[in-house]
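This is what each chain is made of:
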Amino acid sequence: MSVLSPRRPRSADPPAAGDDLVVVPARHRWRWAAVALVFVLLAQFVHGLVTNPGWDGPTFFGYFLEKSVVQALGVTLILTLAGAVLGFLGGIPLAAMRLSKNPVLSTVSWTYIWVFRSVPLLVQLLFWANLGYLYDRLRVGVPFGPGWSFATADLVSPFGAALLGLALHEAAFAGEIIRAGLLSVDQGQHEAASALGIPRHRQFFRIVAPQAMRAILPNAANLLVNLLKSTSIVYVLAIGELFYQVQVIYGRSGRVVPLLMVATVWYVILTAALYRSARCTYCAASTWWPTPARSP
Amino acid sequence: MAHAGTVTVILGPSGSGKSTLLRSINHLEKVDRGLIRVGGELIGYRQSGNRLHELSERQILKQRAGIGFVFQNFNLFPHLTALENVAEAPVSALRRPKAQVYERARELLARVDLADKADAYPRQLSGGQQQRVAIARALALEPQLILFDEPTSALDPELVGEVLDVLRDLAATGTTMIVVTHEIGFAREAADNVIFMDEGQIVEQGPPAQVLDNPRHDRTRTFLSKVLI
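Chains U and H, in that order, are what the protein sequence lines are.
Here the numbering used here is used: position 209 in the first sequence is 209, and no number is missing along the way.
To convert, take the position in the second sequence, counting from 1, and add 296; that gives the numbering used here.
Note that these hints are calculated values from the structure, not bench results.
Even glycine gets a Cβ: it sits at the ideal position worked out from N, Cα and C.
Not one of these hints is a red herring.
Calculated Cβ distances over 10 Å to all of chain U for the following chain H residues: (1) H299; (2) T316; (3) D328; (4) L331; (5) H349; (6) R400; (7) E438; (8) D452; (9) E485; (10) G496; (11) P504; (12) D514; (13) K522.
Derived lysine-lysine pairs resembling BS3-like cross-links, with alpha carbons at most 27 Å apart: (14) U/K67 with U/K229; (15) U/K101 with H/K358; (16) H/K326 with U/K101.
Model the full assembly from the supplied sequences, consistent with the hints where possible.
Structural data, given as structure tokens:
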């Protein structure tokens, strides 16, 4: 400690000229005490981690890159990716409708968002999986006219139900994120663009959308990470994604903790990768975004 | 009321409708009563008999491209460089060839003394520099009329001069301008016509020597006595 602390000027020192004055930073004794306490707790935790045989390192490493786990990881990634793409594709019209001056469009969008944000994803997934009870056949065609019909069970497989549930749920949140992003663009930008006579579609794509992205991207990254973790819920539909597969394995072998750790570590790695790539996207625009990724 | 090639300055206390009048001229504000014509063309509406039909957005945008507008808060596009800000509208609204527009944009930036800032983003420029880019942006459309909405009100006092210099230069070259401002000195020196507004009405108008030095209305006199200390 004494090595780190700066020299303290003694009162006996002669009064120094401007250049020689020594600045002594304020001391934070309680902060040091807190650091010491945290170190002790951390050491205890690590000690417990290393000495507890329950963590079962060999099993963990044996299954971490095992074929069925990696395949299941692929299913998780597909669900995440497809859910995000469909969710944002759905979110765009929802945001546009919600911002519309037409009361019918905005009310319909508002109601959709309200319902799908209120119903837990788990409940929704079970609901879609059981759609067949409600409508045993689905029809595509002219409203009240001719068309084709399909058995619901053929059309909505468990995987389809899972994807449908994730996408509909995601669309509600994506719609709100996109709407908030568009509203965050200063009114003056819209006025300047119209005052210059820039055509409507060009105003949107060239002027408004790039600025809205600044507000949309960080939230979209959070939503994507949430979706990645939410895919673990679809295990209730017996879809072979990461969490379901891990459960299958520990159901057979009884080694619950190391296999849960396999899933945990994979989720952590994927989450870190997603945040990392989102961060690179912000940096690319840092020349004109006043406070890039580092904003508090 | 404003003739081609002249500079009109609108004065008045805040809330007197100066900005609203200016914004109505390019239909950023809708008009309840009365007609606005620029170069003989009715703005924002089409008259048939005694009915006014509001024009479609596309037609209004086309009319606006002929009228420059300079905002109090500059409203430059923050994600585009100074050069791209100036070149955006001629390319997208007038569909001019890109190479020609960019060449002209560089000339315009040189005209407002910012040739070396072509590749800077707005947040890298001072307020005065941003406003000069905004003026170049308005000029790029070769408008028949430029509207200035308090162009120096958001600037630090030491930066006001550089923007007024550009305005004086434009006035001297015969650009038709309508300027809402509190810079009485600029009005006296550069205006052909001064309008004093209060509570949404034009109180009086005329050459600067008359309105500023010899106002006929008490309201004008009171206002000027507060501004000209």
